[in-house]
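Trainee: For the record, the sequence lines run as chains B and S.
According to my numbering, the first sequence is numbered sequentially starting from 1.
According to my numbering, the second sequence is numbered sequentially starting from 1.
Hints listed in this document are in silico derivations from the structure and should not be mistaken for laboratory results.
A portion of the hints provided could be inaccurate.
Not close to chain B: a few residues of chain S, all C-beta gaps over 12 Å, as computed [as the list claims (entries may be wrong)]:
#, residue
1, 36
2, 40
3, 42
4, 45
5, 46
6, 74
If you want the footprint, here are the derived chain B segments under chain S, 3+ residues with CB under 8 Å [said to hold, decoys possible]:
#, stretch
7, 19–26
8, 50–62
9, 72–85
10, 218–226
Since the structure is predicted, the reported quantities are computational estimates derived from the model, not experimental observations.
Using N, Cα and C, we set each Cβ at its ideal position, and we do this for glycine too.
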Amino acid sequence: MKWKASIGLEVHVQLATQTKLFCGCRTTDSNAPPNSSVCPVCLGYPGALPVLNREAVRLTVRTGLMLGCAIRATSWFDRKSYFYPDMPKNYQISQYAAPLCEGGAVEVEGEDGIRRTVRLRRIHLEEDVAKSLHIGRRSGVDFNRAGVPLMEIVTEPDMGSPDEAFAFLLALKRILLCLAVSPCNLEEGNLRCDINCSVRPADRSELGTKVEIKNLNTFKGVRDALRHELERQQAALEAGELLEQETRRWDADAGATFSMRTKEQAHDYRYFPEPDLMPVRISVEERESWRAALPEMPARRCERFMQEYGLPEYDARVLTADRAIADYFEEAARGASNPKWVANWMMTEMLRRMADAPSEAWARLPVRPAALRELAELAGRGVINSPTAKAVLDVLFERGGDPVAIVQERGWGQISDAAAVGGLADRVIREHERVAADFRNGKAAALQFLIGQGMRLSRGKANPALLRDELIRRLGSRSESAG
Amino acid sequence: MEQPQINVEYVARLARLELEPEERDLFQGQLDQILSYFERIRQVAVEGVEPTAHTRPVYNVFREDEPTPGFSSEVALKNAPSSADGLFIVPRIVETS
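Produce the complete structure using the sequences and hints provided.
Mentor: Printed below as a string of structure tokens:
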């Protein structure tokens, strides 16, 4: 029998705010000492009152607008009852009946190159819970994370395979980075996923029994968990078993999912409107001003880079993955005689040197985009050779400045004088008679060796194209006189 | 119209409350009374009235995204029945069926 899978995701995205959702405690990373960013509100003291962070609302609505969601004119928060030491109020403030954003979609391109639309159900705002560390029969609780704003993006069960779910997450992360609404640091748990999945015979339209897999914090984890879980469900169905609607946990070490055996009642969250928070109204003017401030969709920008700057698809993709990088490149490439030269420098030296830097670092870089453009021109036109250009880039990274001035100041100009390079060619041929003879006898590869020797003798300063010409001129003319 | 029922035992389990049999009977009676009152409210015509959680028409009470001082971890942990390494220590809770 042929089977069909349906996958839906709930992605919890930590928002890029300075403070928590309902109090002024700073959002911290995992390096902060435990319980160092806490107050009566996020510790859940009785009587402490939450006040909503305006920026968290803006970032959520901004995401919704980018993904084509409808923005509710009036939205409110609900209490979700839930008993666990990581949430001492015994409820989480979330949105249930009236989320900020509804509908919307993400365009996903699969490995087969075919584009699919993954529809969104909603995007709502909620507070994160504390972090529990289990030590034997006790747990240690750190409330630094409690109250941090999370935007929960819920999809329809529109994905048909683990790879498609993976592609969805990559596309979503790209958009979130472009919007600058989340740091999207997976190691810090900035993006966490719950999965809903089911399997049914391919000829049936009604979805099969839904299984939930909780709390995955890597994209690879999502894909691996889905591969195993869908296989498990299919095998069970083929053996004629009935699947149970349940919550399972992915164990990466065991490479399998395990039932969490939670009580069915635990899912009765008894939502009701949060009386301590007033509803949120977003006016048409405000909504439209946020819409007007939206950046270009990464996929659209990628296509534009290919057309406008003549970049190969791969380069365009890499350069549009992060908005800060895309902005930097575009500023450098605009007005360049050959944008591809700039792209090459971005793809190699710049991305390598900036591999561990955060996105914000690009805007503060001492190497200004105009300087990179200038450097790419100098190297592209052969005024300086590649090792010299890298040395110039070192200087630019250190203290900024103008590449032309740096080259002149340090006497790093390339030797492009025909007489000087001709003399060099003579010396190389003299010192490597045998290799020169090989070339004359038709061994074309010997030329590369001779060019290399010339570059070595000139300590990299000879213009390689000119050196090549001079060598061929000499070796070519001798071979004629010999024949 | 059929009288709605609250399953007191179920609600108590959700709220992690342990009830004596006499408490259960007492609350069942009280809750049934409350529910019948809601049944009366339900008869009011509310078509076109927007549901609300608040009696006052106040919207958009925000704070700016600016840090304000909270507790130091020493102060925060003063209320902890038990603490270690800057963490609140609690019995490990595992959901079982």
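Trainee: Indicate, hint by hint, whether the structure satisfies it.
Mentor: Results for each hint:
1. 36: About 20 Å separates residue 36(S) from the closest Cβ of chain B, which puts it past 12 Å; holds.
2. 40: About 20 Å separates residue 40(S) from the closest Cβ of chain B, which puts it past 12 Å; holds.
3. 42: For residue 42(S), whose nearest Cβ neighbour in chain B is about 17 Å away, the distance exceeds 12 Å, so it holds.
4. 45: The assertion about residue 45(S) holds, with a minimum of 22 Å to chain B.
5. 46: The claim stands: residue 46(S) keeps its Cβ more than 12 Å from every Cβ of chain B (closest is about 16 Å).
6. 74: At about 9 Å from chain B, residue 74(S) fails to clear the 12 Å cut-off, so the statement is violated.
7. 19–26: holds (count 5)
8. 50–62: Per the Cβ count (7), the hint holds.
9. 72–85: holds (count 6)
10. 218–226: Check failed, 0 qualifying residues.
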